[in-house]
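Chemist: Here is how the chains run, residue by residue.
There are 6 protein chains.
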Amino acid sequence: MSTGNTPGGAERHLTHIDESGAARMVDVSEKEATARTARATGRVRVSPRVVELLRGEGMPKGDALSVARIAGIMGAKRTPELIPLCHPIAISGVKVDLVVTDTGVDITATVRTADRTGVEMEALTAVSVAALTVVDMVKAVDKAAVITDIQVEEKTGGKSGDYRRGGS
Amino acid sequence: MSTGNTPGGAERHLTHIDESGAARMVDVSEKEATARTARATGRVRVSPRVVELLRGEGMPKGDALSVARIAGIMGAKRTPELIPLCHPIAISGVKVDLVVTDTGVDITATVRTADRTGVEMEALTAVSVAALTVVDMVKAVDKAAVITDIQVEEKTGGKSGDYRRGGS
Amino acid sequence: MSTGNTPGGAERHLTHIDESGAARMVDVSEKEATARTARATGRVRVSPRVVELLRGEGMPKGDALSVARIAGIMGAKRTPELIPLCHPIAISGVKVDLVVTDTGVDITATVRTADRTGVEMEALTAVSVAALTVVDMVKAVDKAAVITDIQVEEKTGGKSGDYRRGGS
Amino acid sequence: MSTGNTPGGAERHLTHIDESGAARMVDVSEKEATARTARATGRVRVSPRVVELLRGEGMPKGDALSVARIAGIMGAKRTPELIPLCHPIAISGVKVDLVVTDTGVDITATVRTADRTGVEMEALTAVSVAALTVVDMVKAVDKAAVITDIQVEEKTGGKSGDYRRGGS
Amino acid sequence: MSTGNTPGGAERHLTHIDESGAARMVDVSEKEATARTARATGRVRVSPRVVELLRGEGMPKGDALSVARIAGIMGAKRTPELIPLCHPIAISGVKVDLVVTDTGVDITATVRTADRTGVEMEALTAVSVAALTVVDMVKAVDKAAVITDIQVEEKTGGKSGDYRRGGS
Amino acid sequence: MSTGNTPGGAERHLTHIDESGAARMVDVSEKEATARTARATGRVRVSPRVVELLRGEGMPKGDALSVARIAGIMGAKRTPELIPLCHPIAISGVKVDLVVTDTGVDITATVRTADRTGVEMEALTAVSVAALTVVDMVKAVDKAAVITDIQVEEKTGGKSGDYRRGGS
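Protein chains in written order, with the working numbering: chain H, 1 to 168; chain P, 1 to 168; chain V, 1 to 168; chain G, 1 to 168; chain Z, 1 to 168; chain D, 1 to 168.
What the hints contain is simulated information worked out from the structure, not anything from laboratory work.
Wrong hints could be hidden among the right ones.
[Unchecked claim] Derived DSS-like pairs: lysine-lysine, alpha-carbon spacing no greater than 30 Å straight-line:
#1 H:LYS31 <-> G:LYS31
#2 H:LYS31 <-> D:LYS159
#3 V:LYS61 <-> V:LYS159
#4 P:LYS61 <-> H:LYS159
#5 P:LYS61 <-> D:LYS61
#6 G:LYS31 <-> G:LYS159
#7 P:LYS31 <-> V:LYS159
#8 H:LYS61 <-> P:LYS31
#9 Z:LYS61 <-> G:LYS61
#10 G:LYS61 <-> V:LYS159
#11 D:LYS31 <-> Z:LYS61
#12 P:LYS31 <-> Z:LYS159
#13 G:LYS159 <-> H:LYS31
#14 H:LYS61 <-> P:LYS159
#15 V:LYS61 <-> G:LYS31
#16 Z:LYS31 <-> P:LYS31
#17 H:LYS61 <-> V:LYS61
Use the sequences and the hints to build the structure in full.
Modeler: Shown next as structure tokens:
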């Protein structure tokens with residue numbers, strides 16, 4: 001696998017596709033089980049009326065954000081069921097934060113493991129499922145909500161090294 | 001439920017939260033089982049190198065987009081498992097299209113049902129899971145891929161009427 | 001199926017086991033799809049210290065009960081995956097209430113459908129999963145928590161008629 | 001995590017809720033993967049007619065208890081899907097025993113692992129799912145069955161040490 | 001869809017692939033929800049020693065066949081999760097029979113529904129999962145067990161009409 | 001467990017059934033986590049018309065085989081959910097190959113792990129789910145397709161040693 005490496009740890013090919021074009025779950029049995037983390041973020045843009053409701057103006061906001069937070073945590077655990085070529089791994093911790101801003105909801109998920117693959121996909125899945133749950137929660141009030149800017153901010157651990165968005 | 005309606009079918013409150021703030025799965029047993037559709041879109045922004053690979057330059061692109069398409073279809077079926085307050089419904093058709101553009105992958109999902117609730121969440125989930133799968137597929141080459149602009153474009157059927165993004 | 005009926009709608013045999021003793025999922029295709037409800041209750045007995053914590057004394061109780069409520073709702077949807085001979089049905093509404101008492105947490109789940117089988121098992125599963133989640137939440141503080149008195153209180157709809165616990 | 005410890009290994013706070021009240025999956029990556037066991041018990045109280053049927057009087061009891069036993073074993077594997085903040089762990093063994101008594105069915109589940117968290121929740125879930133399956137099996141004959149006294153009897157392994165119900 | 005029909009109800013094309021070659025879940029919302037059944041069979045060939053064990057010679061056969069029967073029933077319910085383009089449908093009854101012969105285990109599954117698609121895939125999946133479970137049960141004794149001859153024997157209902165293997 | 005061993009590593013009893021006949025998930029916590037592989041094969045026999053279609057004669061074959069390949073990979077991950085007494089294990093790689101022959105589709109699955117149990121069941125499940133997906137894909141054209149000859153070809157690793165079909 002190393003021959004395809006460019007400086008900085010990036011592969012030059014789609015590793016999930018073999019030379020004949022067939023999808024496969026890449027063998028990671030040679031990789032070391034080490035501490036790894038990933039942090040991903042995303043946003044849901046909603047109408048001003050929804051921002052009011054999520055801030056609890058005019059009615060108890062109650063479980064609204066809790067539902068999305070819990071859905072995100074549970075979603076992280078389902079990553080290998082959803083994404084065909086993801087390895088099943090032992091997630092050792094998940095945190096999902098939701099912050100209501102003037103234009104929507106900012107979501108951050110942090111996932112930890114001590115396993116053979118990184119947890120970027122788990123963090124992105126946690127953000128995505130939390131975002132979908134926010135949209136579900138508000139869709140009767142605002143059909144035009146948009147999920148946007150879901151991306152990895154940072155990862156640590158593993159052979160390809162640490163990564164920080166916007167850094168080197 | 002009708003008293004909270006504003007013109008155009010929008011509710012004024014978060015219907016998934018009761019007056020005490022507790023989350024609930026809203027009772028839809030009184031709703032009619034009718035033909036309903038929803039179409040959602042989204043995009044994954046990737047590096048130029050990934051665009052080349054997804055277009056099959058330098059290697060067979062093979063299953064790359066197929067994996068995402070199938071993951072999206074299967075993801076639509078898992079919507080009620082992922083989103084806590086979604087009703088389990090009988091999806092009667094799903095189509096997921098992926099188009100490689102100069103800056104990434106455009107994703108469209110169309111979902112149909114003949115059941116008691118709309119399928120907007122199913123369409124959004126199909127797009128989200130397809131997008132996550134694209135990111136998984138390319139992440140060894142491009143760690144900075146971004147999922148963006150996931151939104152409902154159109155829905156038909158149901159009591160709240162048809163909806164078209166940007167229309168009335 | 002009617003020949004085995006006793007007055008009051010009870011069968012005299014285990015309907016899920018055929019005459020040779022083999023388990024089967026009973027055919028319900030002849031049953032009518034009608035409105036049905038079920039309400040089940042249960043309790044988790046916990047230590048006085050846990051009661052304080054769940055009431056928010058000394059720390060924010062925050063999501064503690066929300067997590068159990070949401071787990072109960074999601075659990076109801078998983079009933080046919082967990083209970084081998086349960087039919088997959090279209091749940092049309094779920095409500096899970098948790099009340100902190102002086103000795104623990106009282107749980108009530110109400111489930112509705114418009115389908116071919118009753119939803120008693122869905123209501124009991126919602127209560128059970130909510131109760132397990134309460135135990136998980138408090139187990140670091142109180143290893144001796146007990147789940148108890150999980151039972152159907154009431155059901156309506158279906159050919160066997162309405163049932164109310166302690167009634168006829 | 002140690003500062004909150006009381007003598008005997010109990011925490012003083014709900015560890016699954018952070019200082020702001022938000023639910024999280026606690027990070028266990030620092031915990032050691034060691035041999036751990038848990039044993040949980042519970043009971044289903046049923047009518048005398050059901051006791052007869054489960055003992056095979058008047059018809060073959062056949063698969064009745066097998067279905068519950070197998071459901072319990074499979075339920076243990078689903079614990080992290082059902083209980084939002086449970087870690088996915090590698091269960092290495094499960095045993096579920098059901099004994100028909102004069103008043104119902106006594107259930108015992110023993111779960112083993114060699115992983116980073118205890119398996120109390122897995123054992124309690126196995127008992128709960130087995131109990132729900134018994135209720136499903138008998139509900140056509142006895143609508144009033146009650147699931148009761150689900151509790152951890154014993155656990156071994158892990159930093160918080162061994163626990164035996166009624167002991168110290 | 002009718003133009004591609006040959007006499008006898010067979011299509012001339014792969015209906016799950018559209019004209020561009022993309023997989024899709026075919027829209028069945030126009031199909032009628034009617035009573036449908038399917039029966040599928042299959043076999044597991046095992047060694048003489050395993051035949052003895054499954055017949056209970058020298059040890060109680062106990063749950064051996066029950067486990068496979070229950071796995072088959074539960075497997076039928078999971079068909080739309082396993083097979084990407086299968087529609088989620090409301091199964092209304094499942095029966096799985098296992099018969100020990102001199103050379104192995106014969107498996108028959110019968111599935112019923114009152115929904116928009118046939119249940120051939122559900123019946124085939126029930127047989128497959130039951131067969132896999134038999135192999136799992138005996139593999140410590142006989143590593144060479146073979147699953148074979150899994151096929152639809154009969155179907156009724158639906159627009160394409162009844163089908164009987166070897167018939168017209 | 002060793003006392004029941006015959007030469008060559010075969011057990012003389014059904015290890016998944018205890019002395020009373022009750023099913024159990026065997027405790028593997030004492031087994032070593034080592035590199036293990038398994039390769040299984042199977043076939044789907046289809047009509048000449050289907051062979052033409054799968055070879056892309058007269059229409060783009062497109063995703064037809066991709067869907068089955070991906071379903072097989074995802075199926076391998078679901079093995080412990082489908083087969084009641086299978087341990088949940090960390091699969092570290094899966095490869096599913098499909099080859100169209102003159103009489104059908106030959107399927108091979110190779111699964112790797114670094115865990116406490118072998119992966120024969122995962123490889124067999126991958127083949128079975130891929131085969132079921134092929135049948136689903138072609139069933140509108142050929143109702144008589146047959147899944148056959150699903151078997152383990154080879155395994156390596158683990159205490160019982162390597163195995164090669166037809167070898168010693």
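Chemist: Name the hints, by number, that the structure is in violation of.
Modeler: Hint 3 contradicted; others consistent.
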